[in-house]
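Student: Model the full structure from these sequences, guided by the hints.
Going by the working numbering, the first residue of the sequence shown is number 58, and it counts up by one from there.
There is no bait here: all hints are sound.
Simulated DEER-style distance windows between Cβ atoms:
id, residue 1, residue 2, range
1, Ser87, Pro190, 55 to 63 Å
2, Ser83, Met170, 26 to 34 Å
3, Lys151, Glu88, 29 to 37 Å
4, Thr155, Ser68, 44 to 52 Å
DSSO-like, lysine-lysine: derived pairs with alpha carbons at most 30 Å apart:
id, residue 1, residue 2
5, Lys141, Lys219
6, Lys109, Lys98
7, Lys62, Lys109
8, Lys62, Lys77
9, Lys219, Lys151
10, Lys109, Lys77
11, Lys98, Lys77
12, Lys98, Lys62
Keep in mind the hints are simulated off the structure, nothing from the lab. Beta carbons: idealized from backbone N, C-alpha and C, even for Gly.
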Amino acid sequence: MIQQKMTGAASTREADLVAKVDEICSFASSEQREQVLSGLKWIGLFSDFVPKTHGNLLDTLSAQLDQICSYQPGERDLVMLQHKFVVEWKDGSKDTLTSTLELFGAPGGYSAMAKGVGLTCGIATQLLLDGNPAFNTPGVLAPYSRELCDPIRARVEDEGIKLVERVL
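Tutor: Right, dumping it as structure tokens:
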């Protein structure tokens, strides 16, 4: 019912809701359309289920997502990050370099995202409080210099968060 009102679909039937999505959206390909429709169906936007309302539409959707996306016992998250560089050296040879992070959360414990973001921020804060010389420059610092990054990286690696670098 909410989906019909928000989109202006002819009815709450899935076919009418899908037709309205097709009318509203411009998909780059049929594969993209199927991915989007599959996702909308998975989160329940095409079902007859009427969710409990929570203030406004965004809060209602957030509460619904919180229910269906919560970890089940024993589940954990995974953060994958890869930087890929194609390098041409002075001699004209080329290599592909990768730097890859694979970080798992702990079932019932901290998520991988909490570890990756929280530990890094906490370590930087502790280095600042400890008076590490890399943090003596006044003002807001972006982490682009080796002097700033290396002490943070060393402590993050001590916590088991490491990028694996390879030449392909």
